[in-house]
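Throw the hints in and build the complete structure from the sequences for me.
Protein chains in written order, with the UniProt record's numbering: chain G, 1 to 410; chain L, 1 to 410.
One or more hints might be untrue.
Distance windows between CB atoms, simulated [as the list claims (entries may be wrong)]:
#	chain 1	residue 1	chain 2	residue 2	range
1	G	Pro404	L	Asp117	32 to 38 Å
2	G	Ala207	L	Ala379	41 to 47 Å
3	L	Asp64	G	Arg376	20 to 26 Å
4	G	Ala207	L	Gly365	56 to 62 Å
5	G	Phe79	L	Gly365	39 to 45 Å
Here are the simulated DSBU-like cross-link-like pairs (lysine-lysine), alpha carbons at most 30 Å apart as the crow flies [unchecked claim]:
#	chain 1	residue 1	chain 2	residue 2
6	G	Lys55	L	Lys340
7	L	Lys55	G	Lys336
8	G	Lys55	G	Lys121
9	G	Lys340	L	Lys4
10	G	Lys55	G	Lys120
11	G	Lys55	L	Lys336
12	G	Lys4	L	Lys121
13	G	Lys340	L	Lys55
14	L	Lys121	L	Lys55
The hints are simulated quantities; they were obtained by calculation from the structure and are not laboratory data.
Note that the structure is predicted; figures quoted are calculated from it, not measured.
Just so it is clear, CB atoms sit at the ideal spot from N, CA and C, and this is done for glycine as well.
2 protein chains.
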Amino acid sequence: MQFKRHTLPNGLEVIAECDPSALSLALGFFVQTGARDETPAEAGVSHFLEHMVFKGTARRTAEDVNREFDELGAHYNAFTSEENTVYYASLLPEHQAESIDLLADIMRPSLRTEDFDMEKKVILEEIEMYLDQPPYGMDDHLKRLCFGAHPIANSVLGTAESVAALTSDAMRSYFQRRYAPGNLVLAASGRVDFDAMVEQAEAACGAWDRGDASRPLAPTSVTPSRESIVHSSATQQYALLLGNAPDGVSEDRYAAKLLATILGDDSGSRLYWRLIDPGHAESASLGHYDYQGVGMYYTWLAGEPDDLEENLAAVEEVLASIPTEPPTADELSQAKSKIKSRVVLGSERPRSRLFHLGGGWQMRGDYRSLEEELKRLDAVTIDDLMRVAAEHPLDRNAVVTVGPREDLVL
Amino acid sequence: MQFKRHTLPNGLEVIAECDPSALSLALGFFVQTGARDETPAEAGVSHFLEHMVFKGTARRTAEDVNREFDELGAHYNAFTSEENTVYYASLLPEHQAESIDLLADIMRPSLRTEDFDMEKKVILEEIEMYLDQPPYGMDDHLKRLCFGAHPIANSVLGTAESVAALTSDAMRSYFQRRYAPGNLVLAASGRVDFDAMVEQAEAACGAWDRGDASRPLAPTSVTPSRESIVHSSATQQYALLLGNAPDGVSEDRYAAKLLATILGDDSGSRLYWRLIDPGHAESASLGHYDYQGVGMYYTWLAGEPDDLEENLAAVEEVLASIPTEPPTADELSQAKSKIKSRVVLGSERPRSRLFHLGGGWQMRGDYRSLEEELKRLDAVTIDDLMRVAAEHPLDRNAVVTVGPREDLVL
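Have a look at this one:
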């Protein structure tokens, strides 16, 4: 594996993790834009725009885009998060040139008003489906409750109201602002010909107008509160808990992920043995999510409505357990084993390496090899876990429950 | 990649595709047994037994089995098909010894009657769910229609009746007959220490009683017929078509897969451009399935109930199109590109290589490297496609439709 980088004169960065022994190639444009970069009036535009990017360019119709990806035998897709919009393809190395030309072309979409109007229906249906499924939009609601008007609480999908009110002009203006070359990274991993990649990027993107986009990083932290929402058609009662955690730049993120695994991995953790193995709850798990300047512990509980109080009390006991019951050496080594095995098994496809490469670059502006990641993880001690748990206590959470219970007092 | 093999004195074969540059290891027991090896009274026993294998051994409770896999950070699972039952785990190479010990131990399960009675309920629910989802069991029905009493038509799940009537004694007798060492292969791929693997297999499986199991391979071929089944609660009308194709040992399987891709890949094939792109049907695709001594082309169509006749006629026209509209050079090269890219992208994880390795070994008793597979595929010419389509015409199918239409006459 060799890391390489180059910056085009217009600011577009080209980075790659080259592995000559790989059999395939994964390529993608990482746009440093997502829900947190939207104004309230634009809520949902990043995700909506992601759909529109596949609807044709000056040189290609939407059908051409689909057909050409298909003819390359490429597996391609895109996703939008709070912080990134990513367009990627996995394919045979022999198609590197064609795939860069195609991916670069769709980064300059036509954004035609007819397509916008059609696609708006698809997005509104997606929002409806999201609200129909557990936790019925309550994860977005919880974030708003915790972080108030801070943009990290913005919903990736937006709301039915914000999307309905969005105009194609507003999308074009967001696009101009956020898809400038200085805000994009073209990343590749696997069997990459990097010199050719730079030339291909220059040919396909060199003429894009220079431009940058910034992201203000105002500090924020969780305001604990408790709320119970009635959703009569639900058959289970859900509880969502959100608390402060190390952010995505902090070196304490390794300890945070180990703590989350020890307490709340969905198999073989303290929550698992307390609630799942004995059959008290359907699911109970804890994850660590990290963003620029913000980190979150997110706990999820689902079970019989009548068991909510007892199960939630058990969850909160487990989350509060670290100071009095420090992680054992066995817990730490099993958690390391699990995370390492997940990282290693996940890293065997160039596509997963690509997400790691581009995501890390946009989050921290650095490259960390797999070996280095594993070394940092391995170096975490029980003392580190205790210190990180003291700095970001796991039991100071905002709590929202949702389900059929009308009598619930938290 | 280096292929290695060794046979233990009791007949158990140990095979591996060793890749010292891999970061992980995939390991599995391949049992040459499945639905086609069941008597009518045993229908469903292979799949039921697969569940029972995780319910504990002389040395481990079911909880121990789960906990130990979890502590190894292993991703593990099992599946049952018409021809194989496979138990596998992906994990870090440092846990090779422990994982072989654990996988080998569960290959000698306790099969306790209490666990059998409990698990029977789970299996019956699985059958109910299967019958509740499109195509409502009609794929099993179609195979029975096509192949009559030939065991290749046996359902992997069995029927609610056969499973309900199954006794734990019958399962134990099936287990004795089919899980003899001579009918098992221990396979590994990725970063394997093969010498250690042979020693570990000897320690864990060396004491298993010698034994073999055979599988009669009576020839069969599809009897074309047409049938329409009413399923009033369905919102779409489905059609399933089944025809003869090259079997899993035939060198013509490469051509068969290319023909299936040209005619019926779910993106950018003749069926796609005829039915999906213009919005006539929800889905229309064709696959090639190969077994020992039997091959099948399986076509699937779903759409508005009222459009069935027209859509089915279009499907049958496409399936009949090869003799008069031979594949073009573009179609062949795009189909090769798609299959190669799928094979290559799929092969980057040791787990996928494991399935290829163990499956190929049990199907044909040989090992074919990825490079060799790609070479064979690349060598297929338009003449080959024409010859294979002449030997196994794609338009001699049995057809079953299922959906709300009561007036349908095929």
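Status of each hint after checking the structure:
{"no.": "1", "hint": "Pro404(G) with Asp117(L): 32 to 38 Å", "verdict": "33 Å, holds"}
{"no.": "2", "hint": "Ala207(G) with Ala379(L): 41 to 47 Å", "verdict": "43 Å, holds"}
{"no.": "3", "hint": "Asp64(L) with Arg376(G): 20 to 26 Å", "verdict": "32 Å, violated"}
{"no.": "4", "hint": "Ala207(G) with Gly365(L): 56 to 62 Å", "verdict": "58 Å, holds"}
{"no.": "5", "hint": "Phe79(G) with Gly365(L): 39 to 45 Å", "verdict": "43 Å, holds"}
{"no.": "6", "hint": "Lys55(G) with Lys340(L)", "verdict": "27 Å, holds"}
{"no.": "7", "hint": "Lys55(L) with Lys336(G)", "verdict": "27 Å, holds"}
{"no.": "8", "hint": "Lys55(G) with Lys121(G)", "verdict": "14 Å, holds"}
{"no.": "9", "hint": "Lys340(G) with Lys4(L)", "verdict": "28 Å, holds"}
{"no.": "10", "hint": "Lys55(G) with Lys120(G)", "verdict": "13 Å, holds"}
{"no.": "11", "hint": "Lys55(G) with Lys336(L)", "verdict": "27 Å, holds"}
{"no.": "12", "hint": "Lys4(G) with Lys121(L)", "verdict": "56 Å, violated"}
{"no.": "13", "hint": "Lys340(G) with Lys55(L)", "verdict": "27 Å, holds"}
{"no.": "14", "hint": "Lys121(L) with Lys55(L)", "verdict": "14 Å, holds"}
In this structure, the hints that do not hold are numbers 3, 12, in rising order.
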